[in-house]
Every structure is written in C-alpha cells, then in structure tokens.
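Colleague: Given the sequences, and given the hints that come with them, work out the whole structure.
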Amino acid sequence: MRRLGRRPLRPPPALGVAPGDGDRVCTDLVDPRCTTCGAQPSRREYERLVLPLSQYADRLASYHRHTAMSPQLQSLCQDMLERGLPDIPVSHPTDRGLPVPVEGFEDQRIYVWAERVPDYFASFIEALGESGEAADWRSLWNRPDTELVQFFAFDNGYFHTVLRPGVISGSDAFTAAQSPVAA
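Each residue of the sequence shown is one higher than the one before, starting from 1462 at the first, in my numbering.
Derived by calculation from the structure, the hints in this document are not laboratory data.
Bear in mind that the values here come from a model prediction, so they are computed numbers and not experimental data.
Beta carbons are placed, not taken as given, at the ideal position from N, Cα and C, and that holds for glycine.
Mixed in with the good hints there might be a few duds.
As the list claims (entries may be wrong) - Label pairs and their calculated CB-CB ranges:
hint	residue 1	residue 2	range
1	Glu-1591	Pro-1562	28 to 36 Å
2	Phe-1635	Arg-1526	34 to 42 Å
3	Tyr-1507	Ala-1596	24 to 32 Å
4	Ser-1600	Asp-1580	19 to 27 Å
5	Arg-1604	Arg-1504	44 to 52 Å
6	Gly-1545	Asp-1606	30 to 38 Å
7	Glu-1508	Arg-1544	21 to 29 Å
8	Asp-1492	Gly-1558	26 to 34 Å
9	Arg-1599	Arg-1505	37 to 45 Å
10	Pro-1502	Leu-1589	43 to 51 Å
11	Ala-1529	Arg-1577	21 to 29 Å
Modeller: Here you go:
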C-alpha cells in the first residue's frame, strides 16, 4: 500500500492547470490521481511521532526573552505561545527522506525541518574546528555566555525560533543557546 504524502497530484485535464500538490485557489480536487502510480487517493488513519511543543513552552518563552529579534518575529513567537503551541508531527508516511529509527515507524521518514537540527550542531563544530575547540563543542554550546548569530529570511522565522529550539529543548543534553536573530 502506498501513501500519497506529498506526491504530486494530477488534476483533471479540463481544469487546464499544471500538476502540483494541491490547488492553491479553490482547494477542491476533482478526480485527483497520483502522478507516480495513477491511483486515486483515499483517506486512511495512521500513527506518527509528534513533538509536543506545548511541553516546552516555558523553555521557549525564556529563550525568546533572551533572544534579540525583529519586532515581527517577536510578535510571531509571542502569538504562538499565547495561542498554545501545537504538537508537531516529526515523522511522515512517505518513502522520501531519512528513515525513522523507531520500532513500528520504520516505514516513515523524519520531518525535514526536524532532521535539520543536527546541521546547527555540525555548523557549530565546523566553526570551532578553526579555533581548535571542536572536541569540547557540547560544553561550549551549553555555556550561558555562548551566543549564536543566525541569519535567515522572515518566512523561515517559525522554524528557527520555535521549532528548532523546541526540538533542542526536548533533549536534556542541550540547551537552546541564546541566539541573536537577524530576520
């Protein structure tokens, strides 16, 4: 059994639109078909792993208080905390991406933004390699006086100021280093 996941759908030829993963205008697909196998999709329930961001709301609020960021990004973070943080699916039933190394979820893949978190550590280690301090990277990452400066576009603000520090907060081995943010 295949799962559609983010596979492109083929809209009916009468619509005269290009294939994609959804109609961004009307959101109503008539006779959708998978472009990979030609099958018509059907709804099915499945289990997947989630990150309960709400459990880390206090840590994230503290992280945001100690992080310099644009007013727009501050507003986004504050609004998300006030509304209540959602559970974020971190595994997906698809065949693209890194396999989930958890029993019972081997047929799923890790959410791409969750799998990117180790990139932050790798970049940190690489930068430390030039100074000869890479071997001690864990203690340097967790030191209160460590500041990491990030540069990213506002449209990725959620990922860098809520999701990434939320994933890191889920591990007691690491703290979300204070990160002045330029957006």
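Colleague: For each hint, tell me whether it holds in the structure or not.
Modeller: Hints, one by one, checked against the model:
Range check, Glu-1591 to Pro-1562: about 32 Å between beta-carbon atoms, so the 28 to 36 Å window is met. Against the hinted window of 34 to 42 Å, the Cβ-Cβ separation of Phe-1635 and Arg-1526 comes to about 19 Å, which falls outside the hint. Against the hinted window of 24 to 32 Å, the Cβ-Cβ separation of Tyr-1507 and Ala-1596 comes to about 42 Å, which falls outside the hint. One distance hint, 19 to 27 Å for the beta-carbon pair Ser-1600 and Asp-1580, holds here, with the actual separation near 20 Å.
Here the CB-CB span from Arg-1604 to Arg-1504 is close to 49 Å, well matched to the stated 44 to 52 Å. The given range of 30 to 38 Å is respected by Gly-1545 and Asp-1606, whose C-beta atoms sit roughly 32 Å from each other. Checking the proposed 21 to 29 Å range against Glu-1508 and Arg-1544 shows it holds: the Cβ atoms sit about 26 Å from each other. Between Asp-1492 and Gly-1558, the C-beta spacing of about 29 Å keeps the proposed range 26 to 34 Å intact.
About 42 Å separates the C-beta atoms of Arg-1599 and Arg-1505, a value consistent with the hinted range of 37 to 45 Å. In this structure, Pro-1502 and Leu-1589 meet the distance hint of 43 to 51 Å, their C-beta atoms being roughly 47 Å apart. Separated by about 22 Å at the C-beta atoms, Ala-1529 and Arg-1577 satisfy the suggested range of 21 to 29 Å.
In the structure shown, a violation is registered for the earlier hints numbered 2, 3, in ascending order.
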